[in-house]
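Undergrad: As you go down the protein sequences, you meet chains A and B in turn.
Using my numbering, the first residue of the first sequence is number 1, and each one after it goes up by one.
Using my numbering, the first residue of the second sequence is number 303, and each one after it goes up by one.
Hints in this document: simulated from the structure, not taken from any laboratory.
Bear in mind that the values here come from a model prediction, so they are computed numbers and not experimental data.
One should not assume that every hint holds.
[Stated by the list, open to error] Restraint-style ranges between C-beta atoms, simulated for each label pair:
# : chain 1 : residue 1 : chain 2 : residue 2 : range
1 : B       : R340      : A       : E262      : 52 to 58 Å
2 : A       : K94       : B       : T349      : 48 to 54 Å
3 : B       : R340      : A       : W90       : 22 to 28 Å
4 : A       : R100      : B       : A355      : 19 to 25 Å
5 : A       : R296      : B       : S358      : 56 to 62 Å
6 : B       : S358      : A       : Q136      : 25 to 31 Å
7 : B       : A337      : A       : R222      : 27 to 33 Å
[Unchecked claim] Covered stretches of chain A, as calculated for chain B (at least 3 residues, CB under 8 Å):
# : segment
8 : 61-68
9 : 138-149
The beta carbon of each residue, even a glycine, is placed where N, CA and C say it ideally should be.
What follows is each chain in one-letter form.
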Amino acid sequence: MTPVVLGALALLLAGPAPVLLARRAWPTRVPRAAIVLWQALALSAVLAALGAGLALGMDVLFRPQRGAVEIIVHSLVTALTCVVAVRLVWAWAKVAIRTRSRRRRHRALVDLLARPDRELARGDLTVPGIRILAEQTPFAYCLPGVRDSRVVVSSGALDQLDSDELAAVLTHELAHLRARHDLVLEAFIALREAFPRFVRSRTTLEQSRLLIEMLADDAARRRVGAPPVARALVTLAATSAPTGGLAAGGHGTLARVRRMAEPAGSHRLLAAATYLAAAALVVVPTVTIAIPWLNRLADLLP
Amino acid sequence: MAGMARLGNLEREVMEHIWSSTGPVTVREVHEALARERDLAYTTVMTVLDRLAKKSVVRRVRDGRAYRYEAVAGKDQMVADLMREALDGAGSDAHRAAALVRFVDEATPEEAAALREALAGLAPAETSPPSTSRRRAHRG
């Protein structure tokens, strides 16, 4: 029974649950809690899937009569489950290594090609590691790191943004760097990489990306108010870029701009409920399914 | 850390010199150009050029018994490449999404129109922007 229940749970958490959650509007009101909920959803799905494989593989131990074929089949299932687990860890390591080497290379070039600017450290907003790239296209991004993070702003962005809008952009980027939002994304990317193309979906990664941006938008809004954040978003998104490769991010941007029109309430109750749901997603299957099964397994031992 | 920052500045200066030179340069030429107005060891310039070669931004070409150094690409080209990596990276390719985090993705013309509309709808409900905010003068 245990493998069936866990398998059904894994399918439910990996398939319909993300699709249903992505359609709801309330997570954007509590982005931090919602990110934790997406993490819990992913963790619970992985644990359920691995648990199902292990339970199915070990099932043979609970049977009084064991044939050679049964033992081989169940051993294979157990081995396969272990392969999936190793693959997951391996994918994570690969993504981490690749991300860091790409970032190191990019940072080296930024340091050579862009100029550091101390002028931008004004008021109580100091931006360590800021670099100005002489380029008319307005853009801004950050390169996360432990001590060598960078915030890169193009001179075109400096020209087109007023001081509040620029403060909004910089506060947004600093929020990413301080909270290491990139690590959250890295885990979701690894999860996507680890599973075959036909089972993985973009929903989880896209939703967590959007929520992370919203979280950083909130940090910017607290400093300069909503209108400069919205204006900066539109200025930097809606400038025709010569790169050709248009990213499919406009939809999320629209949601971010519209969100700035809504009052910034604290939504404490909603956040608490979301955190509770996230905890339940991980704890309830563990306590109700995994622990009883482990106890039964322990009883078999002499 | 101060030493690292100094080395970083020096790397930038050496690159500027290489970019402004007409052909491949020797360590001696770079040293002579940069040591004019300050105390700078020959070996430091050698180290810097070595580091730049390791970063694949300059390449060594053999010239008789000595080595000459040249930039792998012009400065404008490298800035353009860097920007392309930054702008393309976030949306389309999930691998790069975590390498750098962009403020906002580019919008298609249709999306841009929708964005401006949303902003226009937002403006009347909000108070006018603070008077302290003004357009920044062009920075050179």
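Undergrad: Return holds or violated for the Cβ distance of R340 of chain B and W90 of chain A against the range 22 to 28 Å.
TA: Violated: the Cβ-Cβ distance is about 50 Å, outside 22 to 28 Å.
Undergrad: Per the hint of 52 to 58 Å, is the separation of the Cβ atoms of R340 of chain B and E262 of chain A within bounds?
TA: holds (56 Å)
Undergrad: Do at least three Cβ atoms from the segment 138-149 of chain A come closer than 8 Å to Cβ atoms of chain B?
TA: Satisfied; 6 residues make the cut.
Undergrad: Three residues or more, CB to CB closer than 8 Å: is that satisfied between the segment 61-68 of chain A and chain B?
TA: violated (count 0)
Undergrad: With respect to the beta-carbon atoms only, verify the hint that A337 of chain B and R222 of chain A lie 27 to 33 Å apart.
TA: Cβ of A337 of chain B to Cβ of R222 of chain A: about 50 Å, so the range 27 to 33 Å is violated.
Undergrad: Is the gap between the beta carbons of S358 of chain B and Q136 of chain A within 25 to 31 Å?
TA: With Cβ atoms ~26 Å apart, the hint holds.
Undergrad: Using the C-beta atoms of K94 of chain A and T349 of chain B, is the stated range 48 to 54 Å upheld?
TA: violated (33 Å)
Undergrad: Does the beta carbon distance between R296 of chain A and S358 of chain B stay inside 56 to 62 Å, or does it fall outside?
TA: holds (58 Å)
Undergrad: Within 19 to 25 Å or not, the Cβ separation of R100 of chain A and A355 of chain B?
TA: holds (22 Å)
Against the hints set out earlier in the document, violations occur for numbers 2, 3, 7 and 8.
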